[in-house]
Every structure is written in C-alpha cells, then in structure tokens.
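Build out the structure end to end from the sequences listed, making use of the hints.
Sequence lines, in order, name chains Z and P. The first sequence maps to residues 0 to 295 in numbering that gives the first Met the number 0. The second sequence maps to residues 0 to 475 in numbering that gives the first Met the number 0.
Worth double-checking, as some hints may not be accurate.
[Unchecked claim] Part of the chain P face toward chain Z, derived, beta carbon under 10 Å:
1) F36
2) A242
3) R364
4) R445
Read the hints as simulated data drawn from the structure, not as lab findings. Even glycine gets a Cβ: it sits at the ideal position worked out from N, Cα and C.
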Amino acid sequence: MSETSEPERLGVRKTYKLYIGGAFPRSESGRSYEVRSARDGRFLANAALASRKDARDAVVAARKAFGGWSGATAYNRGQILYRVAEMLEGRRAQFVAEVSDSEGIGPRKAERVVDAAIDRWVWYAGWSDKIAQVRGSSNPVAGPYFDFSVPEPTGVVALVAPQRSSLLGLVSVVAPAIVGGNTCVAVTAESAPLPAITLSEVLATSDLPGGVVNLLTGRPAEIAPWLASHMDVNAIDLCGIEAPALATELEAAAAENLKRVTRPPAGDEPDWFAEPGLGRMLSFLETKTVWHPVGI
Amino acid sequence: MFEYAPAPESRSIVDIRPSYGLFVDGDFVDPEDGVRFKTVNPATEEVLAEVVAAGPRDVDRAVAAARAAHETRWSTLPGRERAKYLYRLARIVQERSRELAVLESIDNGKPIRESRDVDLPLVAAHFFYYAGWADKLGYAGFGPDPRPLGVAGQVIPWNFPLLMLAWKLAPALACGNTVVLKPAETTPLTALAFAEICQQADLPPGVVNIVTGAGETGRTLVEHPGIDKVAFTGSTEVGRQIARSVAGTTKKVTLELGGKAANVVFDDAPLDQAIEGIVNGIFFNQGHVCCAGSRLLVQESIADDLLDQLKRRLATLRLGDPLDKNTDVGAINSSEQLQRIRLLSDIGEQEGAERWSAPCELPDRGFWFPPTVFTGVTQAHRIAREEVFGPVLSVLTFRTPAEAVEKANNTPYGLSAGVWTEKGSRILWMAQRLRAGVVWANTFNRFDPSSPFGGYKESGYGREGGRHGLEAYLDV
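Encoded structure:
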C-alpha cells in the first residue's frame, strides 16, 4: 500500500461584514468589493460595500446606544476601553499579519503599528475619569451662586477614518470620540478595511455596549455625504477625506444642523505614533455650566 | 397696582452726533463705498443718527488695518501690556457707565434699569476679567505659549449691543488678536461710543475696527479672505449660512445662536421664587434673549395655581418709556422684530393655544408688545418650537421627571434650561440630563465673565466666558 500524503489543509476564511449595533450584518444592499493585499496584490477578501441605508442604520444604532454609554460612569468607560486593549493584545499576531497585508508594510513595522494601537487604547482609557478635572471648572462668579462647568459628550459622531493607517489611524480617531461618552459611526479605510472589521470583533468581546462603535466598510466618497447631512449626527471628523473639494462639500452639508466639524489634516496624514494630545477628545465634548444659588 | 410718578433718567448725559463714520485704524472715516442709513429710537421712532452700511471696500480697509495692527503691534506686545490696555478699557467703561447705559436704552429700547444694572456692569466686568488673562495665557492649559489666531471678524446682535461687544472683544484682544467688529444694524450707537473709548485709552490704531451695517456688511466681513476667525452671535439661520461659507477655509469659527429653553418647575419648587424666575426668564429684556426661558414646563399638579399667580405678577409689570427708572418692560427693538412676534403669536392662536396678555397700555408711538402667555400649548405648536425672541411664554405641562426631560430636550436647540425644585438630588439629576450648555437651577438668566456660556446642537458651538472662552481666540 502506497503511502498517501494528507492533502494540504484548506484554510477556513473569514467573511468580513459590517459592524452595526453590536451585530455583524452584510450590507443591506447586498454589495461587496474585492480587497487585495497592498504587499503582493493577492486576493484577501470580499468586504461589504456599505450603502446609505447601512449608514442610516448605524446612526440609529449609535443614537440608541448614546443614553447608556454617556450615562455610564467614567470609571466604567475607562475599564471597557482598557479591556479593548487587553483583547487586542490577545490577538496581536492576527493584527500584525492583517495590517502587514493591508498596508503593505513589513512585519516589524506592522508590529510597531499594532503595539501603538494597543497602547493608544490604554492611553485613552485613562483619560475617561480625568478629562473632566482637566477641562472642567468651578467658576468664581461675582454673586451668591455655586457655578461649575463640566465636559459632556456631544452625541453621535461620524468619523471618516484615515485612509492609509488602517488600524492605528482608526483607533486614533475612534477612541477619543467614545472615551467621553459619545457613540460613533466610522467609515473605514477604503482599500484596507480588514483590520477594522477584525477590530470590531475585539470591540464586540470587550463589554463595549453594542452601537457605541459602528464600522462601515466601503467608499467614504459614497457614504460620508449621507453622514454629513444626517440630522441626527452631532459631529463629524473628516480626517480621512483626502480630496479638498469633497471635504468642503461635506463641511457645508454638516452646517445644516450645525455639526461640530473636525477638518482633515493639512497635508499628509498626521504621525499616528506621536502622542495625540487632547484636541480630538475635546472636539467632541461640550461644556455644560450649571448655576445654583447659595443661601440658607 | 400702585401708581408711580414718572422717574425718567436724563438723556442730557449723552451727546449723539447727527452722523457717524466707520472706525478704522484708530479714526472715524467716511465710507468708500458704504451708504448711509438712519438708526431710530424704537420707543419713539425718532431718528437718532445717520450711520454707514459699510461696503466691500470699507470692509477691506478695516481688515487691512486690523492685519497691519496685528503684525506690527498687537501680537508682539507683551501680554502684560495688552492687559493694561484692557484694564484701561474696563475703567473707562465704568467711568462712562451712566452715559453708555442711557445711550443703550435709547438705541435698543431696553429699560434703563436693565442697561444700568445688568448690561453695563457686566461689560466692565468682562474687560476686567479678560485683562487678567492677557499675561497668563501660558497657564490656561493650552500649552506654554499659545498663539493668537490673527484677525477676528466679529458680528454681534442687537439684544445686548455693548455687552455682546465686550464678550467678543475682550477675549480676542487678551489673546493677542486684532478685530473688525460689526454691530447690529439697529443698535450701532454704543459700539461707536466704544470706538471713542478706544481712542481715549490710546489703544493702538487698527487693533479694534468697527464697521456698521446690516446683514450684507456682516456677510462681507465673515467671507473676507483676510480674516482668520469668525465669531458670531445671532440667529441659527445666519449661523448655518456662516458655517457653510467657511467650509473649506482654515477660519476658526464660534457661533452662539438661537434657543428655545425649557424652564422646568416641579411641584415642590419655592413658588414665589419660581414665579420671579419665570418672569426674569422670559420677560427680561423684552424676551430678546437667546437663552430666554420661553417654554415653561410646569408639573401638572401645580399648573393652575402657578398660572394664576404668574398672571397676577405679570399684571404688575410696567411697560413703557425705557428711560423711566420704574419701567420693567421696554420697547421691541424694531418694527421687523415686532412683526415677527405678532406673526408667531397669531399662529399660536390659530393653532389652538390660548393667548393671554398682561393688561397694560401700549404707547402710541414706537414698537411695543405686551407680556404674553400661551396656555394649552403642545410640543408641535410653532410657538413651542420656534424662537420668538419676544415677550411670549409658551406653557406646557408634565407629570414625571422623565417626561420633563423628554419634553425639555425635544428641540433642535440646546442653549439653556432652568430647573426649579427644592430637592437637591433632583436638580443634579435634571442638570445631567438636560442637553443644554447652561443650566440654571433655582435661578435664571445669570451671567458672569468667569462662567462659560454657549450651546449644544443647533444653538451653536464654542464657549464664551471663563478660561474656556480663551480657546476660541487661540491657535490650539
């Protein structure tokens, strides 16, 4: 009897879908698009091509999640963000491979990217119960009143994630939006959407309530206009919009309900390895001032 | 109601010139392409003076002066020197306070009691407060050496003309910016008087420029490519246009827009105080207040008692001559605004709400509207949704705290809100849930230069006042 060699095992591939309201639906449009490796051009997956309806569903999910998430204690939100870092660390190897393929960078560089993304969650986790002390105040008004100001989340934030940095860039715009209690809908890097969807699996297993982060893969130029003009979106970060004409159009559309707009960076994508500073967090925080008389 | 003898404040303290130019580069100048129009006393319709509606070339000139002043003088001046200029401005405002209060009441129509006791003290306080920041910006939490933005284009409304000027100028100058400011079409006179104050203070030419005019002048200023910052207080509609017009530019923008504030009264509220708070909330300054408590949400169980008492109180308000020291309710600022208040009130009646107006006699000349209360208002009524910007209160009821929150937040605006209850934990519970930039608990319509003010949602963005207010004028 001749020796039969075991045929090479065929891998089980993952279906990459959207992440809306804590679930993983396909695009309601039934559309998908081919994603290839930026390193060697080989086929990686068919990602869901999100539609206007998906964007609207995501906003509904984000709005629904807002009350619970913004009402959670800062300590609780910090723990959950830290939990995201833990889960990401556990899947480090998977992310290194995916980022390397998606962004066309070597494994060493990809390791640095993934490590920085994990550390970014840890950094923002710590801010949850500190930002109010750094940015809030007690105001010495000239009268018998106790007067204080606190930062509060603005509501539902739409994010157009950076187009090149598919994981670290995404984390760097999502974490500052949600740490203060906002919920968000993010449109991921068009040509490198896979790390984002794998990140959604991390989010789904980190005690982050469904709907706090919603991720849409597809074309920013197609989906972002619906988010920019959506009347139940309170703020929009145009970070990943590279065409100035489109950025202008989206900012103008956002004016309809006075969204808080974060304009795209001038020139290239920022250096995502640098310490972020408070800017992105504060763009999505309102200041509420409360007065009460002092007396007997 | 007691009869009071008239107690008019003398207007001889003000000297209104027949005609004013624009204040550019430290001098009053004739317009290049602006045209002249008249400003009137809304209480008498008497013409007060002729002012200029600045044209594009006039605005160009003012922006150029501000740019030159920024580069050659103001931005390089040490903070402690800028501070001293601002302290000077504060002091001169205090010295000329009576005159400015009378002038404000004449041009705006607001009671002298309010311009004298509220507007002017706050104007001086605002300059005094921000003066102190000018040499301490490195400690404000924006990095060790935060830089100014450059030239600020500022457009302000007619409801608190000089106070809004102070809110805009003081932080801008403290941070090292220079300014082109456009006062409202109907209330230019105190801004022009302030231009003289800048001269008296020896403020370097071009640091403050004042271009009068209407909406078109404001648009020209806001869209001018030579400015780095837009600050606007006014209607949400104009705020939207500004937000659109700056799209694609690098201009930094802050907008303080309209409101439809809920004033929520629980059944355990101290009723006498709440009544005064409701009156102050909506009838202060003839209701020409963006943060006015124009929607009264009263708990159902006390609604009838509260309304009886409110109407009794409103019947004692004195409407009339703004310069009379006994006057509570002055003139509506313009005939256009009066038309809008009448229109929305008529719609309120047509939509089925019940209208009640305080029984007061309206003067024959000028623009007047009596304090008015609508009951039986639903959330769908236009008087419950749109900003009337006049002395018109819409009354709605609620049963539970959750319903109060739901109704209070059911508006695209989010500028302010009021809560009246004796229960401390409920105050804080409500304050957390009201989606508004300012929450007044057991008080209403309080302002202070150290207290951040500004809206959520369609009430605009950015904060004025306090440390927070610096951010709008720094490159951070």
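What hints, given by number in increasing order, does this structure fail?
1 and 3
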